[in-house]
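J.: In terms of our numbering, the sequence shown opens at residue 4 and continues consecutively.
Bear in mind the hints are in silico, worked out from the structure with no lab data behind them. Fair warning: there could be bad hints in the mix.
As the list claims (entries may be wrong) - Distance windows between CB atoms, simulated: (1) Leu114 <-> Leu281: 22 to 28 Å; (2) Phe196 <-> Leu229: 36 to 42 Å; (3) Tyr275 <-> Leu43: 40 to 46 Å.
Note that the Cβ used here is the ideal one computed from N, Cα and C, for glycine as well.
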Amino acid sequence: MGQAILATLIWSGNYIVARGVHSQISPVSLAFFRWLTASLLLLPMAPRVFRTQGPLMWKHRWKILVTALTGVSLFNTFIYVGGHSTTAINLALIGTTAAPVFSIVLARIFLREQVGLSKIAGVILCFGGILLLISQGDWRNLPALRFSAGDLWVLLAAFWFAVYTLLARTRPAELAPLPFLAVCFWTGTLLLFPAYWIERTHFPPIRWTGSLAGIVLYLGAGASILAFYLWNLALPRLGAGRTALLGNLIPLFSTVEAVILLGETFRSAQAYGMALILAGVLTASVPVLLPARFGRPGVRGTQES
């Protein structure tokens, strides 16, 4: 569980830094250079990957292709596109609540994962906490929310992340996690290149600065390699639906980061919203946490992550 939580902590910074550079770099370009950076950082392991697992990669080539398309080429690109035409409030609402719901539904349909009361209660609590955050503690603010075309992009991003979570959850056991991730990054970057090339003909040239390069490096090394690797390690232990619920920690971490890094005011409504989100995550994780501490006789406790 700790691996998935650390992944959400790293990902939470993605929304802050990406929003900060939206006027400096176009969305597809940001996504392309993010994944290109991650791919280049993993390139030294390419000879060993193809030497030791090349035949297995080819055997599962369609699985890798679809996983790369959804998790690399589409997910964050749609987030960056949506972030250019929707508000941060709507981004938080749609991105962090839709993905877990999609994941639970897809896991139920395709993996036959059980949707118990703990998951349902966890979803409700997390959803309530996020609504409390975005309404700033006053439910009367909710009707004032307006959804634009950008919101559809974010909704689609949440759906594709749910599909990616499902695919990564069913990664063939014979494929090692890091080589699998590396090949997905390389494949997804190649799939993004045509869209990047087309975008460059419609947007002005990128004005590279030291801060922009540093942000791309953070996105490539941290929000891509490290976060996705941790997320993929957590999926087999927690299941697709329950792991996706941990994504609701992202707005919690983002709020703390905004207070520390941007000097925003921390209000009581934010504290209550965070408490509800934490309660929802813990409620949904009860079946995982309890066996690890209070294993029943004859049942092996789940290893904590």
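J.: Confirm or reject each hint.
T.: Okay, the hints, checked on the actual structure:
Taking 22 to 28 Å as the suggested C-beta distance range, the pair Leu114 and Leu281 conforms, at roughly 26 Å. At about 24 Å, the beta-carbon gap between Phe196 and Leu229 misses the expected band of 36 to 42 Å. Range check, Tyr275 to Leu43: Cβ separation about 44 Å, and the 40 to 46 Å hint holds.
Hint 2 alone, counting from the list given before, is not met by this structure.
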